[in-house]
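What follows is each chain in one-letter form.
Number of protein chains: 2
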Amino acid sequence: MSALEELMTFQGETEALAQISGRLGWDQETMMPRGSARQRGAEMAAMEAVLHARRSDPRVAVWLEAAEPGDEAGAAQLREIRRSYDRATKVPADLAKTLAQLTSESQGIWAQARADEDVAAFLPTLKEVVRLKREEGAALADGGDVYDAMLQDYEPGTTAKEITKIFDAMRVRLVALRSAILEKPMPAGLTGDFDERLQMKLARNLARDFGYDMNRGRLDKAVHPFSSGSGSDVRITTRTDPTDPFNCIYSTIHETGHACYELNIDPAYQLTPLGRGVSMGVHESQSRIYENQLGRSQAFTGWLFGRMTRTFGEIGVADADGFYAAVNRVRNGYIRTEADEVQYNLHIMLRYDLERALMAGDLEVDDLEAAWNDRFAADFGYAVDKPSNGVLQDVHWSVGLFGYFPTYSLGNVYAGCLYQALRAAVPTLDSQLALGELEPATDWLRANLQTHGGLYAPRDVIARASGAEPSERPLLDYLEAKFTALYDL
Amino acid sequence: MSALEELMTFQGETEALAQISGRLGWDQETMMPRGSARQRGAEMAAMEAVLHARRSDPRVAVWLEAAEPGDEAGAAQLREIRRSYDRATKVPADLAKTLAQLTSESQGIWAQARADEDVAAFLPTLKEVVRLKREEGAALADGGDVYDAMLQDYEPGTTAKEITKIFDAMRVRLVALRSAILEKPMPAGLTGDFDERLQMKLARNLARDFGYDMNRGRLDKAVHPFSSGSGSDVRITTRTDPTDPFNCIYSTIHETGHACYELNIDPAYQLTPLGRGVSMGVHESQSRIYENQLGRSQAFTGWLFGRMTRTFGEIGVADADGFYAAVNRVRNGYIRTEADEVQYNLHIMLRYDLERALMAGDLEVDDLEAAWNDRFAADFGYAVDKPSNGVLQDVHWSVGLFGYFPTYSLGNVYAGCLYQALRAAVPTLDSQLALGELEPATDWLRANLQTHGGLYAPRDVIARASGAEPSERPLLDYLEAKFTALYDL
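The listed protein sequences correspond, in order, to chains A and B.
For any residue, its number in the numbering used here is found by taking its place in the first sequence, counting from 1, and adding 3.
For any residue, its number in the numbering used here is found by taking its place in the second sequence, counting from 1, and adding 3.
Chain A with its partners taken away, still in its complex shape (with noise of 0.2 Å):
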């Protein structure tokens, strides 16, 4: 066998045992009895073991070396294994270990501490993981930017440069549309009787309606839905609220576009680095597009309005405008995992300034509240009232997850783009999505980016696609013309 071929065979079996690990974790939110957590726990720690074992294995950098890459793909499979490597052996074993053990046990500190609407609580261990956070990204930077150096971790190629910028040019204009939106009356929400097996019902039809081939995937219940797994076993969750039919489509419409991209890489790929999405943004694109610009646009929601009078009788809206106007509805909240199209990526805004300036150093986790209180009455125009609508709200930082946070509107910013490309590349687009054909979509997205898994950059994959360099325009001015005309501004 040749370094390339021993290095992918090896590589093969990695891939396999991270697949088994994330089914664990698939497993944990929807399958696994409520008292096996702390085993659940040990036997995660072990297979994180074997895995970092396996990626810092000294025989990589040897067959590294030696390996000739050969194709395109093969440069790029030697570009994610190099990744993966250098991340695996640039963070000492002990900060590693011990960040796990720490990111575990505060997760739950985190949660009392929410349930509690106690700060101070949950504070110390905060402190602990942003200061092993900015010595692993101090290692991981080698001398250059820490935050940059995060941010590999969830969208290779990417700069906080290149991120301010894009944000700084949205904030205002979000800013502005939303405050003219709150300005009109607000659209009646749904009200009627939403049977949770018939939700359930809908979501399996509309997942398949999106192109979720249920012979390589499921559909279940978890508190906080996901998706899961890559290659011919990729499953999603969903939830249901019997008051709030959204919750569960819209949830469910939003992992299927996860799904799709996994199940419609290469299938060369399968069990390769190459196999997977390429970037938290470029996933969190096409499951935005799929929710978003398809699944909340006018065209699809008049199909869907008939849908859902047929499946649960009176919801409260009189015709299929009144449901568009009800599903995207913009209302003052506090909380990011409930906003609209329009405020959702001022959350992450928000988010994004705070993480940097942890990690920068310019901000102790002492001032986070008052920090994280201030930008937001500054950019929503209302206080918040209470711990869990605001610093507490989210489980990331209580985990580690610094840099995550904005590849979220990243993947905003390439759905916005793709978009544009979709509707020039598929003229009658709106007239199938009011029959509730979403192939011209789904297809054109498959085909021009979700076959290619990791085989380009995330940047490089949007701009091939949409045959522009990414920017955040075409979302602005999608938002601004879908908003201005619902709301008649």
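Since the hints were derived computationally from the structure, they do not count as laboratory data.
Note that this is a predicted model, so its numbers are computed, not measured.
The reader is advised that the hints may include incorrect statements.
What the hints assert, rightly or not - Residues of chain B clear of chain A, computed beta-carbon distances all greater than 10 Å: (1) E32; (2) P61; (3) T431; (4) D480; (5) L489.
Unchecked claim - Which bits of chain A does chain B cover? Going by a derived footprint, with three or more residues having C-beta under 8 Å, they are: (6) 27-34; (7) 83-91; (8) 219-229; (9) 478-492.
No residue lacks a Cβ here, since even glycine has one placed at the ideal position from N, Cα and C.
Once you have looked at the hints, place chain B on chain A.
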């Protein structure tokens, strides 16, 4: 850390990984999307390679050499780790890999041959399996008896000589009992409409009644019911047949017995080699005593009859006596897994004699079907009508499980011993079973047997619990008494 501590830490991770591997097996039979079989194969192979590397890790030998056991439990841990290390290192890696690949493929070939009633299509594969298993057995036997070496994988400490002595004593009395019963009129079976959701609800309640802790387990459906996992995550499966509720009920109670054994092991042994049932035979003793001696008793079925009629309405038998007779019907049949208490062990003895002859080279694969059919006719008095009712009915040989079959009957023998002791220890057993109260029985089994996990050797733990060396006599006495009364012999 001492050598023992280092070894136990390493072993603990191996046990955790083995739990993950087991849970993948559960997932495959219950949750896995059908289209992911091939990827799952790669995942399982990667996991098995990790486990094999750990079990044969040279450091284990060094630690075993240096470790001071300390106490009885420590000595037992070392005994089990040594056994696992010897097992993993005795078989050449190439042979192990070839066998794993072959038995993975041969299961599919067997299933197809069974569906097609085509023995010839399976024989070339079975020949290769037998050849490689003989080779593996020779490697394990180190010059000793090949079949005895194979038995150690399932029933450590047992020899074919011991088993043969027990089986020879059983066969005569069982053939006679069977003949006497079959001269009598067959009791009526159930008729009625057995809604599958109600069956599952009943199954969940029965599992709880028999002591299954749903906080550390769960019940799902599977084509072939099984129990899976150790420690605090032990899952069971059952199946439903709309015309035959016994299938669901007694599969559930059977698997509950297996699961309670695992769940009731001393928590101090969790994720250690002692934290699992000590052998297949002892495991089967628990599933069988739950299912048969308790679940099919006159006292308990009297109570169950009430619950059945409350759940399903009319079930085709008029009273508890009729229900008891229906539960315990002895009928001609070909299939081991559908056999009653009287005939089940005859099926096992047939397979035991044939597989010993195959492994010893006294019987060739080409002559296997004829040998099966001759022996079946001799013990059961009628001819096998088709291969799926004969030599192709069980999966075991196709996947290389030689030495496994006799543990089913050993389990019945052990259950007989335990039941005799249980009756002596709990004089009120029948009156409590008649109220659906299982605790006196399950508490006794937990305290006297299940809690010990792998601490004592299989024969020893049965001897300790039952107060006498294991013997087939209690089982035979129990069967003769039960069926003599039931069939008025």
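Here is how each hint holds up against the structure:
1. E32: holds (13 Å)
2. P61: Per Cβ check, P61(B) is outside 10 Å of chain A; nearest 16 Å; holds.
3. T431: Holds, because the least Cβ-Cβ distance between T431(B) and chain A comes to about 31 Å, which exceeds 10 Å.
4. D480: holds (39 Å)
5. L489: holds (39 Å)
6. 27-34: It holds: at least three residues are needed, and the region 27-34 of chain A offers 3 whose Cβ sits within less than 8 Å of chain B.
7. 83-91: Answer violated; 0 residues pass the 8 Å Cβ test.
8. 219-229: Three-residue rule met by the region 219-229 of chain A, so holds; n is 3.
9. 478-492: violated (count 0)
Violated hints, in rising order: 7 and 9; the structure is consistent with all others.
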